[in-house]
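Engineer: With the hints as a guide, dock the two chains, each given alone in a separate frame, to form the complex.
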Amino acid sequence: MKIWEDLLQDIEKNIPSGAECELKMMHSKSALTRFANSQIHQNVDEESADVFLTLHKDSKTITISTNLTALKNPKDFVSRAIESLNNSPLDKGWAGLPKSSQSFNGLSTIDESTPDERANKVNDFVSQGKKMNAAGYCSSYINNYFVWNTNGLNSSDSSSSAFIDGIFRTESSAGSSHRGGILLSDIEAQQAGSEAAKLATDGENPEDIDPGNYEVILGHEAVSTILVFLGVYGFNAKSKIDGMSPINIDEKQFDDQINLLDTPEDDDSIGFKIDASGSKKRNLEIVKDGVSKTYFHTRRTAKELNTKNTFHELFGWGENFGGIGTNIKLLEGNVPQEEMIKSIKRGIYINEFWYCRVLDPITQVVTGLNRNGSFLIENGKIIKPVGRLRFTQSFMASLAPGNIVSVGDKSRYADSEFGEGMLKVPALHLKEFNFTGGVSG
Amino acid sequence: MFEYLDIAIDSAIESGAKYSDARVLISKSRSIAAKNGEIENFNENEKIGIGIRALVGSSWGFYSTYNLSNESLKLAGKKSYEIAKASAIVSGKDMPFADVPVIQDSYTTPHNENPFSVSSSDQINLLIESTEKMKKLGSSRAFGRLDFWDTEKWFASSQGHKIYQNIIESGGGISSLSVGDGETQIRSYPQSFGEYRTGGWEVVKSFEFENHIERLAEESQRLLVAPQCPEGTMDLILEGSQLALQIHESVGHAIELDRILGWEAAYAGTSHLELEKLNKHRYGSDLMNIVADATLPGALATFKYDDEGTPAQRVDIVKEGIWTGVLSGRDSAAVAGVDPGGMVRADGFGRLPMVRMTNVGLLPGDSSLEEIIQATDNGIYMETNRSWSIDDIRLNFQFGCEAGWLVKNGKIIDMVKNPTYTGITPEFWGNMDMLSGEDEWVFWGTPNCGKGQPSQIGHTGHPASPARFKNTRIGVRG
Chain A
0 MKIWEDLLQD
10 IEKNIPSGAE
20 CELKMMHSKS
30 ALTRFANSQI
40 HQNVDEESAD
50 VFLTLHKDSK
60 TITISTNLTA
70 LKNPKDFVSR
80 AIESLNNSPL
90 DKGWAGLPKS
100 SQSFNGLSTI
110 DESTPDERAN
120 KVNDFVSQGK
130 KMNAAGYCSS
140 YINNYFVWNT
150 NGLNSSDSSS
160 SAFIDGIFRT
170 ESSAGSSHRG
180 GILLSDIEAQ
190 QAGSEAAKLA
200 TDGENPEDID
210 PGNYEVILGH
220 EAVSTILVFL
230 GVYGFNAKSK
240 IDGMSPINID
250 EKQFDDQINL
260 LDTPEDDDSI
270 GFKIDASGSK
280 KRNLEIVKDG
290 VSKTYFHTRR
300 TAKELNTKNT
310 FHELFGWGEN
320 FGGIGTNIKL
330 LEGNVPQEEM
340 IKSIKRGIYI
350 NEFWYCRVLD
360 PITQVVTGLN
370 RNGSFLIENG
380 KIIKPVGRLR
390 FTQSFMASLA
400 PGNIVSVGDK
410 SRYADSEFGE
420 GMLKVPALHL
430 KEFNFTGGVS
440 G
Chain B
0 MFEYLDIAID
10 SAIESGAKYS
20 DARVLISKSR
30 SIAAKNGEIE
40 NFNENEKIGI
50 GIRALVGSSW
60 GFYSTYNLSN
70 ESLKLAGKKS
80 YEIAKASAIV
90 SGKDMPFADV
100 PVIQDSYTTP
110 HNENPFSVSS
120 SDQINLLIES
130 TEKMKKLGSS
140 RAFGRLDFWD
150 TEKWFASSQG
160 HKIYQNIIES
170 GGGISSLSVG
180 DGETQIRSYP
190 QSFGEYRTGG
200 WEVVKSFEFE
210 NHIERLAEES
220 QRLLVAPQCP
230 EGTMDLILEG
240 SQLALQIHES
250 VGHAIELDRI
260 LGWEAAYAGT
270 SHLELEKLNK
280 HRYGSDLMNI
290 VADATLPGAL
300 ATFKYDDEGT
310 PAQRVDIVKE
320 GIWTGVLSGR
330 DSAAVAGVDP
340 GGMVRADGFG
350 RLPMVRMTNV
360 GLLPGDSSLE
370 EIIQATDNGI
380 YMETNRSWSI
390 DDIRLNFQFG
400 CEAGWLVKNG
410 KIIDMVKNPT
420 YTGITPEFWG
430 NMDMLSGEDE
440 WVFWGTPNCG
450 KGQPSQIGHT
460 GHPASPARFK
470 NTRIGVRG
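Each protein sequence line maps, in turn, to chains A and B.
Straight run, no breaks: the first sequence in numbering that gives the first Met the number 0 ends on number 440.
Straight run, no breaks: the second sequence in numbering that gives the first Met the number 0 ends on number 477.
With the rest of the complex left out, here is chain B (with noise of 0.2 Å):
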């Protein structure tokens, strides 16, 4: 594939620009729903296509085409230039693009069993017999879904890199959801939208749906009757999947370089952060250490290169409390003076690479879920993402969970539904007061994470344990 890489390269490089990268990918999926005891959506999709980035003075362009034939991807490379070109039309400061080193390399997940070497009916099997199950056990609807994903990708540049990887990645779900007099109730396992690693047919296989069938289909149907969630100011605490999408929303996206230099500012928005402040600014309390690490084995934005040939990194962003670094590329870098990052990636070869969270995690602390719940006396226990919004500068933010749980006294009391909370990004960091160690703490996934226009899809990880929130707003209602 190098060679496809080449023709195009040098034809950017011909019509005239300064710097040429592309990526030829080959890409498969698979992806599985289930409903009932019954297959609802089987699809399996291969693609195959190279984009190619140019930069001409300080103007960027990208082409992208399914067409690998000679005279494609020469047109390829000079359309990449004229694009490029036209961007000056609209001109401002210089945009300097950060030097990496220059690798040749290859890269493969580890895995043991290759989802698509594996029977779809298989596959297939596993979520029938969940979600007939479920339904038995009184789920009004029971669903389960698989995703598998093998993606090759040949990166070069005009510099001289040459990088092959293989990433491959698993990962699916099941929900029971129960219909009451006009509300729903759902649970979902691992999480709500799935769990997603790094990985082969195994990751799915650690799951163990069969041990949760009975817990979803009865904690669904018993929300339906349980009382709402109280309304007020109380300690909450978080279960890891939750806390992994509260750290998605309210740091992962905060930290992005891109966004805090405005370049994402009319569509999904800039940052509370400014850098100025970096190495400055308090995030959370002392308990709050967090990571970009695309390294993690296993995690779901585990790499070696990201798409513009940077080696995969772990970045400290928060330590101690105190906010520390940044997501980046090697553009972003450059103009805010900090080092690339190898955090750049595109969905798929029709997509510009652009900033995007790696494995951005909460590290473990030293208590457990018990013993913080042991040392609660009056809070809300929540399980399992249900909604989330938060506003463009990652501030104001409203999650809501698939179910909660009453704690008086150190102990679980009562099951309550609808359970939701509001807070401030750096007060309700700053109320983190106890956190699970190593032993409950999760590389929980996010398999859909929307930027960019046009729209990319990126996959996301964010390593996390269960933690206690002090004097959390709860019970928010309409």
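Just chain A, same shape as in the assembly (with noise of 0.2 Å):
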């Protein structure tokens, strides 16, 4: 890309001697085409090219972050960001730059969707149920990422998403679904259109259940909160590091049926192949057979804990987040939904879990609430929908040995509190679940 070529030229002549550099630039095409009461009535579309300067000299690091425009001259960025770096203190845990070894090439050509097609998928969605008063949105996007340092590290890569995500809501219910992909035309939008409409249908007039402990079947959003939450608190070295996290390497801390995965390698895999630093990713067991594998970590994080890099570095996120996950795979088991239901004797269905947060980062006690399809199972069979319940729950225990009934045997890209894209997870029947206050407190 020419954009890319020219900067880093300019740039590079400016570099102060003896100084380890390290330049990023990401150029991105995002759109969203949002709708509620089944009409779209927000729509956008940006361009945006957004630089990052890491230098690193005398012990001393500084980032400045700009974009194209806002950069004017390279020469007084180069200059702002050395006169920075003299006001700043040493910089004990520098982990140093990777090697020009680690270089990857993946940078492609790209077609973007156009506002029509995104708008064509929208009504494929909200078509599903005429009747009934739809909201979501329709995305896309695609990011092209390029990395250089004075190492010769020279990396470039392209990655291109969409996704669909909404509900129906009828007078007392709601129901959801969402789809992920590579390509907007990927994206089953009818289907999940589909699926929504069933779940508020289905979820008319619910009534309140008392709280207490459930055995409980996981929608696919459902499932995907609970591992973003213990990717993002519970394997980035970062929280191990500041003692916050739950995870502990080697230890059987979850049911033999958890298999996880963070698999950027797999050509199923929304995003880029390489992390911020430029580094070729790897598929990365996390957990087998229900033990902790291994954190996500970064360069700082991998030098403080003295073990190998992970490369989960995410860009723009600063160098105290640590690392992130961002293809984690639950791997499916052999069982329907269905058989699942057929099961429990009493229990619940949560499709997706709505404002979770945490009250004890190592324990991973979280709370939050059911939304957008809640059914009572008795016998075997779903007997009614259910309103919105409160759970306080440690979502490590969710997972622990002896509380997974079984695994869905169907997975898909879920969404989840921190995005969309992050997550392939397929349902989970738990034995235990808290849920400790109703609609009335």
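It should be emphasised that the hints constitute simulated quantities derived from the structure, not laboratory data.
Among the hints, a few may not be true.
DSSO-like mimics (lysine-lysine), calculated; alpha carbons at most 30 Å apart, straight line [as the list claims (entries may be wrong)]: (1) B:LYS135 to A:LYS91; (2) B:LYS134 to A:LYS56; (3) A:LYS91 to B:LYS132; (4) B:LYS132 to A:LYS130; (5) B:LYS92 to A:LYS129; (6) B:LYS132 to A:LYS56; (7) B:LYS134 to A:LYS91; (8) B:LYS17 to A:LYS28; (9) A:LYS197 to A:LYS430; (10) A:LYS1 to B:LYS318; (11) A:LYS307 to A:LYS98; (12) A:LYS59 to B:LYS27; (13) A:LYS74 to B:LYS27; (14) A:LYS91 to B:LYS204; (15) B:LYS135 to A:LYS59; (16) B:LYS17 to B:LYS132; (17) B:LYS279 to A:LYS302; (18) A:LYS91 to B:LYS27; (19) A:LYS307 to B:LYS279; (20) A:LYS71 to B:LYS134; (21) A:LYS59 to B:LYS132; (22) A:LYS129 to B:LYS276; (23) B:LYS92 to A:LYS56; (24) A:LYS71 to B:LYS77; (25) B:LYS134 to A:LYS59; (26) A:LYS71 to B:LYS27; (27) B:LYS27 to A:LYS12; (28) A:LYS302 to B:LYS132; (29) B:LYS303 to B:LYS17; (30) B:LYS279 to B:LYS318; (31) B:LYS77 to A:LYS28; (32) B:LYS77 to A:LYS1; (33) B:LYS204 to A:LYS59; (34) A:LYS302 to B:LYS134.
Structural biologist: What follows is the structure, encoded as structure tokens:
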């Protein structure tokens, strides 16, 4: 991409001698078509080109960032970085730059989706529940990422992704569904709409039930939220360093049926094949047969814990956030959802969680609510829709040995509290889940 | 910059839009994070770009770009029109758009020292010294952070608006984390996630971190050995910053008109409030008087015009416990038949302006924290937020705080850990029976309010003073 080549040439010649330098640029085209009350009400398209420059010299480090327009004069930009570098304290955590052998070139040209194409996907979704009120979004992204450093690394990669996520509402209920993929054409908007419409229809006139410990079936979105919390707060090596992670490597902390991977190398994985440092990502076992196998590391956390980097730096999140897995997959089991329901004497189906917040990081006790499709199951059958419940439950305990009854046989990309496209998961059948409050508090 | 805006807006109108507005922003930010006497993160950022909206029929389109070349600006206008046209593929009811006065004006946040003119080494040293001292006093991890924003904004519309604003915001905070056997406890100052206001470096200096370091280190360690917060129904006394978040979650979001109209239904949710109940619905006790005031000097959400060119205002939201007002923009106000409230803002040039809380605050009462404690026979006093969760209609909530104090017979008896409380919005506010006065009224700021898709982070203000809530369910644990 010419803008990157020009930028690199201009910056490179202004780098002070003896400095280690890392230059990154993210060029993105993002579009999101939003609908509510069954009509498109917000429709946005953005082109951005953000630049990050890191300098390390005399044991000091500075990162400054800008976009191509604000950058104006590359010489001034580097001078500003040097001035800030001089004001900076010693950086004891500096872990160096990746070597040139880590370079990767995956740059490609990807066609943008048009506003009309996104609107048509929205139409496909909305048309599945004609009498109901639809809301949601259809989005598409193209990102091109470039990294260069003074070790000679020169990496680039392209990625695209597209999503549809929506709900249908009736007077008394709502149902949601979600689809994600690499291209907009991959997105099954009608199928997502049909699922959401059925949940909303089946969920009409919900009844309140008493809080307590229930056997539960968690739908894709609910499972995704549990795993993203464990990924961000548990498997993130920064959490371990800060004394706030419940994860202990080589301990059997989860049920035998939990097998968790990070799979950036898989063809169907969304996102870049390189991390923010420009290093090639690798597929990784996170949990094997219930045993925790690794944290997500960045250069700095790997240095601090004296272990190998797993290449999980995220662009733009800052050095102090640690490593995040962006291609987490929970391996499928072999139990269809219908079989899960048949096996339950009394329990609840939860489609989606909402507003989950950590009460205690070390036990990962989290509180949140259910929404968009919850049903009481009795004697192997769905009996009735149920209203709002608040849970206060350790997410670690929810997946602990003995608490997984079965793992669903179908996985898909599922939305979570931390965004789209990060997790591909099946449904889960759990022995116990603790609901601490109902609609009356 | 206005000439850039004119090129883009003219292009949108020439393409066929019936209305267009646009903003050029120069946004500077500086963010510093420290841990245990060392800097963990120092980042300076500057971005420039344009965001343009076009209205075609009843459909909106928005396009943004970093590229301010003539060709790109013309393309931006055209694209905003094309996107709006595509919106009509899935159309519905006509969407009116309220008129507001056409204004040409400028405004700069009053401040003493621009935080970007202050040497970053002074700011870095403040954090290094604060966290180093806390660590030496026994904190397992001592954290500190400072953030500064300097945003120059040029707004113009096809109706003739030309408004320049320079908004300066500053703030930060420090925390002491203590790690025990299978648990962590934290104490933060001025509040969790930091305290932020409009203004310069003087905002941070006013916090006087040095006077709170010892207390934070001591309290975070003491919490490890403190008894658990008791479970039961009793009186709850909330310190100001926790009450500010309570206002944010259970009032601020609930009164956003876009939520009430269902525009946020799929993501942020809707509201338990229905427009038919405006001026009738009892939100809380007679002591409850909430205003949304974007004109409060020094509060975090203070400006002169919103991102649609509507003047900043003070709007009554709850008067003596009765719901009286909403947060609105030009489109949502027109749909609901209310006056536009000047409450629409965007997170940078690349995001669509949307309804955002301004300074949604609880007006002070005539009591004091001391009097409230003296008047309480059996209760818990809770300080500083640690977790928050509320349902998607803003009714059922559960909050956790960093520290609690058992209050018996008018006196603080003991510190308790892991304090939580839960409730239902109108019942909870209906139980507010004592409220501190102006002396303890603080302009708390929330710098991390997420809303919208694509995601936007908003800066909101919540003036509040300590208050008591009777018969609250306390001590929920998993």
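Engineer: Going straight from one Cα to the other, do A:LYS71 and B:LYS134 come out at no more than 30 Å?
Structural biologist: violated, 42 Å
Engineer: Is the straight-line distance between the alpha-carbon of B:LYS77 and that of A:LYS1 30 Å or less?
Structural biologist: holds, 25 Å
Engineer: Keeping to a limit of 30 Å between CA atoms, is the pair of A:LYS71 and B:LYS77 held or broken?
Structural biologist: holds, 26 Å
Engineer: For the pair supplied as a hint, A:LYS74 and B:LYS27, confirm whether the alpha-carbon distance does not exceed 30 Å.
Structural biologist: This hinted pair holds, its Cα atoms lying about 19 Å apart.
Engineer: Assess, step by step, whether the Cα of B:LYS132 is no farther than 30 Å from the Cα of A:LYS56, and give holds or violated.
Structural biologist: This hinted pair holds, its Cα atoms lying about 27 Å apart.
Engineer: What's the verdict on B:LYS204 and A:LYS59, does the C-alpha distance respect the 30 Å limit or exceed it?
Structural biologist: holds, 26 Å
Engineer: Is A:LYS1 close enough to B:LYS318, meaning Cα to Cα at most 30 Å?
Structural biologist: This hinted pair is violated, its Cα atoms lying about 59 Å apart.
Engineer: Is the Cα-Cα distance between A:LYS59 and B:LYS132 30 Å or less?
Structural biologist: holds, 22 Å
Engineer: Is the straight-line distance between the alpha-carbon of B:LYS17 and that of B:LYS132 30 Å or less?
Structural biologist: Given pair B:LYS17, B:LYS132 is violated - Cα atoms ~60 Å apart, limit 30 Å.
Engineer: Does B:LYS27 sit within 30 Å of A:LYS91, going by the straight-line distance between their CA atoms?
Structural biologist: holds, 27 Å
Engineer: Given the hinted pair B:LYS279 and B:LYS318, is their Cα-Cα distance within 30 Å?
Structural biologist: holds, 11 Å
Engineer: Taking 30 Å as the top limit, are the C-alpha atoms of B:LYS92 and A:LYS56 close enough?
Structural biologist: Roughly 60 Å between the alpha carbons, so the hint for B:LYS92 and A:LYS56 is violated.
When each numbered hint is compared with the structure, violations occur for hints 4, 10, 16, 17, 19, 20, 23.
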